[in-house]
Structure formats: structure tokens, C-alpha cells
Amino acid sequence: MTSSSTNARAANLFLRRNKLYLSLFIGGMILLTAVTSRMTDFNFRDGIGAVPKVIVWSLHNFVPDAKALERLPKMLDKMADTVFMSIMSSVTAALFAFLFALTGSVTTRPNGFFAVLARGIALINRNIPVVAWAMIFLLTFGQSSFTGFLALFFTSFGLLTRFFMETIDEASVSTVEALRAVGASFPQIVARAVIPTTLPQLVSWILYMIEVNIRSATLVGLLTGSGIGFIFDLYYKSLQYKSASLLVILIMVVVLSIEVISNTLRRKIL
Amino acid sequence: MALLEVTGLTKYYNKDAPALKDVTFSVKKGEFVAVIGPSGSGKTTLIRCINRLIEATEGKIKYSKAGDMLALRGRELRQARTGLGMIFQHYNLVSRLSVLENVLHGRLGYKGPLAGIFGIYTEEEKAKAVEVLTLLGLEDFMYRRCDQLSGGQKQRVGIARALVQDPRMILCDEPISSLDPGSAKVIMDYLRKVQREMGITIFINLHQVDVARKYAGRILGFNKGKLVFDGPAEELKNKQIKEIYGTEADDLILN
Ligand SMILES: Nc1ncnc2c1ncn2[C@@H]1O[C@H](COP(=O)(O)OP(=O)(O)OP(=O)(O)O)[C@@H](O)[C@H]1O
Ligand SMILES: [Mg+2]
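Protein chains in written order, with the numbering used here: chain A, 1 to 270; chain B, 1001 to 1255.
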């Protein structure tokens, strides 16, 4: 048998196997959905059937009234707290994340041991959910906005470290190499090659983190008794759905505007 | 006296086969040396071992006054690199910065930490950069961002960055492989000019045997990590090309 026909057969087998994997994957997903919905007693038909009823009920109960509008200034005040906290936690996290990303990325790491350490710390941080962080800091610092800040900070830090590492490895390999060849020192390489090549993406990730944090800040606020989450909890528990719904609309407006702003910024800098 | 002396250079990426095996040669000041060989024969590995972008497994590399490159650490290594330029197939420029800033990067090795970090250059350094850019016909592009240049122009910026280092030798890893024939010729002519007029040694990896023969005074031929030919360009005949390229040689044989 000639080697080219063996090769052709191997290639065929390879392609067929890839196709098989894909079918297995899709089949697996369907099966998984079926099994999990069974286990959680979730019924698609009932679920979809309930949608109209939900709409009618919410129209009745959730349309903000005059009393809700009266509370708007207070809501805006709390909203500002939440936005500031999200921005602050994202930006501080970004500073630390950049240092850790430099230490951990394949392109720039100065030392193998510290690289593993940096990656490990970031990994642990991002795999603890933000709610769990909030619980942890609740025990230490009690209900305060500082607790919320810390919870957001630690998850953002873990996530941003990973995003930054990927960005550095993707964008600056060639320029880092060129500056190493020129005899530049590590800080010089960071300042003249890594930052200029990655800055637009880094900023883009920070903006994304701010968006995410505004969403999670609401949830974290529920636990830590601060910001928008706190008053949402208040309205909700005292059955003032109309105010709560105004708050939800406000959150949506803010999150959407932040998204629009950051998309515009992103387009400008990229 | 030799400018570069490579002795018994060996590089293993993994345990199977060495990418370079016991390579010994030396380069005199002012030579134009081309390195040829089939894909995977170790040309890139060799060039990068010389300036330590890749760590060799074994051997000695003596360059200029730096002593054994392989023994250098930290500051000493950076100092040795300042006198050794390098240009790349994909130019490796910071595309969001201007041509001028990219060229000045060639000075970083000479700068103190803070001046380097903030990109503060002396008047002489700026004058030197402008002079080199003019030499390479880029005076009208100085303030242009590098991502707005053509491939040939980018490679000229690469050469300019190497030249402001005041190097005694420039390493070139396939500098014309991403260029059209016209721009490739321009780049090769500039490299020849740099060698002839400034006395800077050129050490260049090439895929094109005809280009190597046309420009280089001396040719090193590699096959599977071994140096199988080392001689003047005129001595590279079909027989030697066969030795270097093996069965691939048929496409390269010139009549
Ligand atoms: N980072 C690496 N890890 C493992 N093996 C490598 C690595 N880089 C190169 N090699 C191997 O070392 C050998 C020499 O590679 P090298 O890139 O030096 O060849 P080359 O002559 O420059 O080839 P080309 O003409 O294609 O650029 C090849 O077999 C290659 O697969
Ligand atoms: Mg190569």
C-alpha cells in the first residue's frame, strides 16, 4: 500500500472523528437540558405558557406611580453611590491586575515561580463568586459600602488579571521581543512596548468590568446594605412594587447608558 | 579579528532532535553573511541564540567586546545587546506609535531607567534618528503612525531602529519574506549600503538562494541544525545547494 493512500485514510478518519465529536456535543447539550429541566421540575411548555399571565400581572403591579416618582431623587442618590463604587472597584482592581498580569503572562514574566504564583492568586480570586466574597467580608466589616467595594474588587481583580494576561500575550509578543533585542530593561519594555500596544484593549476591559460591576453592585448591595441594592431590598420587602420597578427601570437605563458610553469610548480608542 | 565567534553551539528544544547541533563559525567585521537552509533547519534558532532571545543549550558565543554572550546576566546582557541590532520578518514595531518614536526605541538600551520609561531622548539622539530616517528615505513619514505604512516602509523603520543603536552587527531574520519583490530589493539594497558605507556587519537569514548569492559575500548553509556549507558566495554551486536543501533542491537549482 502506498503511503499517500494511508495518509488519505488517516485524514478521512480524522475529519469523521471531528464530525462525530460535534454531533456528540450537540446531542449532549440537548440531553443535558432535558435532564436538568426534569431534575429542577422546570417544564418548558408551562414556562412559556405562563408568560402572558406574567405580563398582565406585572403591568398591573409594576407600573411606577406618583409616589414612586417622588422617591426618584433618593434613588438617583443611591444610584450615584453604586456607580462610583463600581468605577472605583474596577479601576483599583485594574491597577493590581496589570501588575499581576505582567508577572504572570508568558510574554513578560520575569520569573517562572512568581508567574505561577500570580496566576494562582488570580485564579482563586475570580473563581470565588462575588456573592461569596460579600459574605466573607460581611463577617469582617459588617454591612457597609466598604464591604461591597471589597467584594467587587476581588472578583474584578481576578477576572481582569486573566483578561490582561491574554491581551498582553496576544498583542505585545513581537514588540517586547524587539525591545529586549535592543537591550531595554523590564520597566522600559513595559512602558514603551506593552502599554502602548495593549492600552486600548486594557481600557476596553476596564469599561466592560465597570458595566459588569454596576450589575453586580445591585446584588452585592442587597447583602451589604448599601447602594441601589439596599433600597431595592427595602421597597421589595415592604411590598412597594411600583417603587421597586421604577428602580429596576433606572438600573436598566444606567446600565444601558454605561454600555453606550463605553462602546463609544471603545470605538474611539481602538 | 573576529567580530562574532560561535563555537560548538547546540540547542535542544526537546529531547528528540537538536535544532542546532555543534555549530562553529566566525564572522569578521564588515562581512555580509547570509544563512540559508530549508524550513526548520535552525536559521531562526541560530540568530536568536546569538542575542539570547533564545537560550542555547551548549556552546560559546563571543561577540565584540562583550565576551561570552551565554555567560552574561541582567545589565551586562542588556549592554551587550545595545551594540547588536536586529530586524524581523514581521517588523515588530509598536504600530500605534509614530515612526520617530519607534526609531528612538533603538536608544533604550543606552538610557537610564526613568528617561527610558518616559521616552525622554537627548537632542543628539533625536538628530541621529532624523539622520537615519533621511538616509532610508523616510523623512516625510517621521510623524506618521506605523500602522499607516506599507510593509517595505515598516521594514525600513526596522532598519532605522537598528541603526540608531550604533551596532557593529545587525541580525536579520528573513527581513524580506513578507515583502513584494520590489520592496524586497529596496530593503536588500539598503542593507548592502549599510554594510558598505557604514562598515556594519550584516548577518541575515534568507529563504531565497538567488538573493543570498547576489548580496552576500559569504554563505552559511544549514540542514537539520548542522552547518553543512560555509564559504564564499561564488563557491555555492548546484552540488552544494543539493547538500543544503536535499530533495527540495531541484526547485532551486539555477542554470
Ligand atoms: N519554540 C520552539 N519549541 C520547540 N521546537 C521549536 C521551537 N522553535 C523552533 N523549533 C524547532 O526547531 C527547529 C528549527 O526551527 P527554526 O525556526 O530555527 O527553523 P528555520 O530554519 O528558521 O525555519 P524557517 O525557514 O521555516 O523559518 C524546527 O524543527 C522547529 O520545529
Ligand atoms: Mg525562521
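There could be a bad hint or two in this list.
As the list claims (entries may be wrong) - Pair by pair, the computed Cβ-Cβ distance ranges are: (1) B:Phe1118 - A:Leu265: 22 to 32 angstroms; (2) B:Ala1017 - A:Lys268: 47 to 57 angstroms; (3) B:Asp1180 - A:Leu199: 27 to 37 angstroms; (4) B:Asp1180 - A:Met252: 48 to 58 angstroms; (5) B:Gly1137 - A:Gly112: 22 to 32 angstroms; (6) B:Phe1118 - A:Ser238: 34 to 44 angstroms; (7) A:Thr36 - B:Asp1180: 30 to 40 angstroms; (8) B:Asn1238 - A:Gly27: 31 to 41 angstroms; (9) A:Asn18 - B:Ala1017: 28 to 38 angstroms.
No wet-lab data here; the hints were simulated from the structure.
Quick reminder that beta carbons are idealized off the backbone N, C-alpha and C, glycines included.
Consistency of the hints with the structure:
no., hint, result
1, B:Phe1118 - A:Leu265: 22 to 32 angstroms, "holds, 25 angstroms"
2, B:Ala1017 - A:Lys268: 47 to 57 angstroms, "holds, 50 angstroms"
3, B:Asp1180 - A:Leu199: 27 to 37 angstroms, "holds, 32 angstroms"
4, B:Asp1180 - A:Met252: 48 to 58 angstroms, "holds, 53 angstroms"
5, B:Gly1137 - A:Gly112: 22 to 32 angstroms, "violated, 44 angstroms"
6, B:Phe1118 - A:Ser238: 34 to 44 angstroms, "violated, 57 angstroms"
7, A:Thr36 - B:Asp1180: 30 to 40 angstroms, "violated, 57 angstroms"
8, B:Asn1238 - A:Gly27: 31 to 41 angstroms, "violated, 59 angstroms"
9, A:Asn18 - B:Ala1017: 28 to 38 angstroms, "holds, 29 angstroms"
Checked against the numbered hints given earlier, the structure breaks hints 5, 6, 7 and 8 and satisfies all the rest.
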